[in-house]
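So the sequences go chain by chain: R and A. Going letter by letter, the first sequence gives residues 130 to 258 in my numbering. Going letter by letter, the second sequence gives residues 160 to 690 in my numbering.
Since the hints were derived computationally from the structure, they do not count as laboratory data. Virtual Cβ for every residue (Gly too), placed ideally from N, Cα, C. Among the hints, a few may not be true.
[As the list claims (entries may be wrong)] Ranges between beta-carbon positions, derived for each pair:
#1 R:Asp-180 - A:Pro-340: 27 to 37 Å
#2 R:Asp-180 - A:Ala-679: 32 to 42 Å
#3 R:Asp-245 - A:Arg-576: 14 to 24 Å
[What the hints assert, rightly or not] Anything over 10 Å on all C-beta distances counts as not near chain R; from chain A, calculated:
#4 Ile-169
#5 Pro-177
#6 Asp-181
#7 Arg-183
#8 Ala-281
#9 Ser-289
#10 Ala-314
#11 Ala-316
#12 Pro-530
#13 Gly-632
#14 Asn-655
#15 Thr-665
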Amino acid sequence: MKVLVAKPGLDGHDRGAKVVAHALRDAGFEVVYTGLKRTPEEIVAEAIQEDVDVIGLSILSGAHLLLTRRVVEGLRAAGAGDVGVVVGGTIPPRDVEPLKALGAAGVFPMGTPLTDIVTALKSRTEVAS
Amino acid sequence: MRDVKLNAGIPVKPSYGPEELDGRDAAADIGRPGEYPFTRGIHRAMYRERLWTMRQYIGFGTPADTNARFKHLMAHGQDALNVAFDLPTQLGLDSDDPRAEGEVGRVGMAVDTLADMEEAFAGIPLDRVSVSLTINGMAAPITAMYYAVAERQGAPADRVVTTPQNDILKEFIARGTWVYPVDPSLRLVADLIEFSARRYPRSNPVSVCGYHIREAGCTTAQEMAYGLAIAAAYVELMLARGMAVDDFAPRLSFNFTCWGKIFEEVAKFRAGRRLYARMMRERFGAANPKSCMFRSLIGGGGSAFTVEEPENNIVRGAYIALAAALSGAQTMALPTYDEAYTIPSAKAQLLALRTMQICAEESGAADTADPLGGSYYVEALTNAMEERILAELAAVERMGGIVEAVRSGAIQAEVARQAYLHEQQLAAGETRKVAVNCHVGEARGTADHDVELYVSDAAVAEAQVGKLARVRGERDGHAVTAALGRLADEARGTANLMPAIMECVTAYATLGEINQALKAVFGEYREPVTF
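Extracted from the complex, chain R is given alone in its bound form:
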């Protein structure tokens, strides 16, 4: 299973993104990291080019609803709606359900143990296969 860890928007905090990327790699996933400040369009294009199964968005600025919607809509418009999108970062509890309603397959707010993220993505692979 291949994962694109992505930093959309302008926020420059990538500690979480890199830690999750490390953990997923250690857990046997193939991981690509976009680097900072990618637009939703760039993330969609990279996901398709790299042929990933899941995109993990890391957003700490608070702009997660807007950016997640853009990525999900972009994937659908590009005919890549089967690519799963999960979101982590500074996500307040009240935004978890709205993010899922937008199409996020998983939401990992502050304090989520790395093992929970790994387990969630693994179970997604099992469902897919």
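Assemble the complex: chain R is given as a structure, and chain A must be docked to it using the hints.
Just chain A now, with coordinates in the frame of chain R:
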């Protein structure tokens, strides 16, 4: 008996005694406060003569919103400001740029033109209040705006005290608000240092930050080592321009974090001051003692705080304040207890200010200089920390020096590796965190039901975009075009760009226009993507 190892990897013994100091020259290594090498602090009487400055990091919404919050905190005894800018401003995007959507006024104050800075500081006398500007990639134009506001207020240049962060190397390593490639970015850092040193003698034109690198994951020893390496890189830049070290070094300042184990932090700062003093005198030939003083904002790191049981962060904040005071801070700032999950509320901001005030007025930490000096443990730890910092500095040299390590991404990769190690230590319970991996309460996972969350207001962006359109309509378009043209021409040469940038901002060129003009000449940084 359990083993104890500090964040820097130093093992801790169950007790320490006088033998720790055998073979050391106490006068040369420890000395007295206010005397070279300043191990015990940069002032003789420290807080007895002057308390640390309390400078909470504030900024949100429109300049008018931020102006009101500034005045609120100043009315409660905060004596200096520390301005947060929104991400579009930090990256040189105007509020009506499509890439700014959803970000205007969110994590800080939005600034598009000089008119915004005028509004932000309306009624705040810039000849009396000192202001830190947390701005890096855009430090040159934002500081130019600040100088222009001060001038229009009638503040004499030699009374203007501002500290633009202006530390682009740590942005490449940790914070991410870079725009141009490494070399032109460094040129802008040096232009602002040189211009300020000549025209605004009390401004602190760079604040070298270990802070954000530690927040990104590095160890205590690495934080100090990388900060010292960055400072040395800036000193070398200025020397290469023909400036004498004592003409700019007295105004170099620092920004470091302070969380975790109190005595390790104190030792980090004592060792750092000693190493900095020796570097400035022995390597760079500084003669002015002020050039050898490691003046630092010491603040808490938000990464010390947890989303679990957030009220516990209030207690952590008090220990951070104590550690910062015992470390000899010149300026202090604390994270707010709600920082792990939201933009700070006014209540949390005030509580952070009160925490520092209680530390200052009630705890006794401010009663005498370096109260831990002479402690067997703290002196031994200071020496051990010095060795670790020197080892990390040697590691940076093996990467080709700090600038090359940034270019190659080697240092970014090392910081990410340390962040992952820290996460694993937390998961394994080796690093203890109450209510996270030990003493976990039943309420875990539901702790944040009652917290106050920042509500971002769409009206902010609307107001800001409207104001920007008004300014664009009212300014002299020819003057703007001419100023931007001059800036682009000079960017192609080697002149100091600050005068041309001053001309742009006073003509009400937008930050986005200034950024575009520079980007057209300099190009954009391509990040070495490593993890």
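**Hints breached by this structure** = none
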